[in-house]
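Number of protein chains: 6
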Amino acid sequence: MPYVNIKLTSGVTQEQKDTLIAGVTDLLAKTLNKDPEKTFVVIDEVQPGDWGVAGVNTTVYRRRKKAAAK
Amino acid sequence: MPYVNIKLTSGVTQEQKDTLIAGVTDLLAKTLNKDPEKTFVVIDEVQPGDWGVAGVNTTVYRRRKKAAAK
Amino acid sequence: MPYVNIKLTSGVTQEQKDTLIAGVTDLLAKTLNKDPEKTFVVIDEVQPGDWGVAGVNTTVYRRRKKAAAK
Amino acid sequence: MPYVNIKLTSGVTQEQKDTLIAGVTDLLAKTLNKDPEKTFVVIDEVQPGDWGVAGVNTTVYRRRKKAAAK
Amino acid sequence: MPYVNIKLTSGVTQEQKDTLIAGVTDLLAKTLNKDPEKTFVVIDEVQPGDWGVAGVNTTVYRRRKKAAAK
Amino acid sequence: MPYVNIKLTSGVTQEQKDTLIAGVTDLLAKTLNKDPEKTFVVIDEVQPGDWGVAGVNTTVYRRRKKAAAK
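In order, the protein sequence lines correspond to chains C, X, H, S, L and A. In terms of the numbering used here, the first sequence is residues 793 to 862. In terms of the numbering used here, the second sequence is residues 793 to 862. In terms of the numbering used here, the third sequence is residues 793 to 862. In terms of the numbering used here, the fourth sequence is residues 793 to 862. In terms of the numbering used here, the fifth sequence is residues 793 to 862. In terms of the numbering used here, the sixth sequence is residues 793 to 862.
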């Protein structure tokens, strides 16, 4: 009966979500023999302005990384 | 001081949410004598495409169930 | 397919947990016609030192409340 | 490698979110020497109708508080 | 910068946990090009008495399933 | 009515937890005028074997970092 919550910044297609759902469910079935019918995978897309890393929101963080890479 | 988080697939009316909030708060007050003023209930509606079960998203899952029921 | 997470400070008996699990599952079945077989309720007991309210941990908070009630 | 999730009722500006992200990251760096590059802060704005307290949703709760304050 | 939380009933070895951590991280890298250095996977083992399904705790639920299978 | 959940690897003293609780509550009061009496801060200490980063658990990750730093 596993419950898996995946949080990531937004911009994910339904096809990619389906790959994540299938992959995680398969991993739990193979590793721990968990029943897929009792395996929930919930994906939360988070807006970049709502996700902070290194003390700033992700929009600012990515801009800095890009600038530093030049 | 309980904190309760209810995650379910979207399509819930405000009236139904109010029933859940009242019911859970009442249950915690009666069972554990928890103060309603310190009881938080947060409801997250999740799009069917973001909720996986049995290795597929809920839209696909429900379609399959319906087809199997015929 | 609801997933419910209840967080509360520790000191809950198994009987009380069972009452919470049964009550929440029943509430979701009656209010939203949710299948109990697909309803997960996860209870997290949190040590008082790990739960903060009003800027202090729960042990300190309760001591203050008691002192103020005298 | 801390992960911090802040849930609050909606109506928060990006500037306020940035203050929260910077403040929490700084607090963890100063208190526990946590690396900001490995500190995630995720903010969830919750609609007032989805947040319950005292057995009612926040819209109703605030209306009552205002009425009681008169 | 994904954050993944896996909740499952207790009884998982460190080797199985390591397989889950590696598998989920790899899945996110391949599907969404996510940087493993910024991918957190947190596993919560939940005692059977704290996890409810079908209105009862997991210990009771498994006993019933076994009895029904006879 | 904010709810804040801080997850970090274990090894945190009560004094450090108290500093986090006070700091986060203060930050929310100053930034968003949130009532401390309605601000919950829940700290989860996670065993290093249960926290993955870069595809390995934290014990392995830290050992590698140390070895690389030599």
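It is worth saying that the hints were derived from the structure and are not from the lab. Do not rely on the hints blindly, as some may be mistaken.
To be verified - Straight-line distance between alpha carbons at most 30 angstroms, and here's what the computed BS3-like set of lysine-lysine pairs gives: (1) C/K822 - X/K826; (2) C/K830 - L/K858; (3) S/K857 - A/K862; (4) X/K862 - H/K858; (5) A/K826 - S/K862; (6) S/K857 - H/K858; (7) A/K858 - S/K862; (8) X/K822 - S/K830; (9) L/K858 - X/K857; (10) A/K862 - S/K862; (11) A/K858 - S/K857; (12) H/K857 - X/K862; (13) C/K858 - S/K830; (14) X/K858 - C/K822.
Claimed, not checked - Far from chain S by the CB rule (all over 10 angstroms, computed), these chain X residues: (15) K809; (16) A814; (17) R856; (18) K862.
Keep in mind that this is a model prediction, so the values were computed, not measured. Even for Gly, the Cβ is constructed at its ideal location relative to N, Cα and C.
Right, here's what the structure says about each hint:
1. C/K822 - X/K826: Violated: C/K822 and X/K826 sit about 41 angstroms apart, past 30 angstroms.
2. C/K830 - L/K858: holds (16 angstroms)
3. S/K857 - A/K862: Violated. S/K857 to A/K862 sits at ~60 angstroms, over the 30 angstroms cutoff.
4. X/K862 - H/K858: Roughly 62 angstroms between the alpha carbons, so the hint for X/K862 and H/K858 is violated.
5. A/K826 - S/K862: It holds: about 21 angstroms lies between the C-alpha atoms, which stays within 30 angstroms.
6. S/K857 - H/K858: Holds: S/K857 and H/K858 sit about 25 angstroms apart, inside 30 angstroms.
7. A/K858 - S/K862: Between A/K858 and S/K862 the Cα gap is close to 62 angstroms, so the pair fails against 30 angstroms, i.e. violated.
8. X/K822 - S/K830: violated (42 angstroms)
9. L/K858 - X/K857: holds (25 angstroms)
10. A/K862 - S/K862: violated (67 angstroms)
11. A/K858 - S/K857: Violated, at roughly 55 angstroms.
12. H/K857 - X/K862: violated (60 angstroms)
13. C/K858 - S/K830: With Cα atoms ~18 angstroms apart, C/K858 and S/K830 stay inside 30 angstroms; holds.
14. X/K858 - C/K822: holds (28 angstroms)
15. K809: Non-interface label fails for X/K809: nearest chain S Cβ at 6 angstroms, not farther than 10 angstroms.
16. A814: With a cut-off of 10 angstroms, X/A814 comes too close to chain S, as the shortest Cβ separation is near 5 angstroms.
17. R856: holds (29 angstroms)
18. K862: Nearest chain S Cβ is 36 angstroms from X/K862, so the label holds.
In this structure, the earlier hints numbered 1, 3, 4, 7, 8, 10, 11, 12, 15 and 16 are contradicted, and the remaining ones agree with it.
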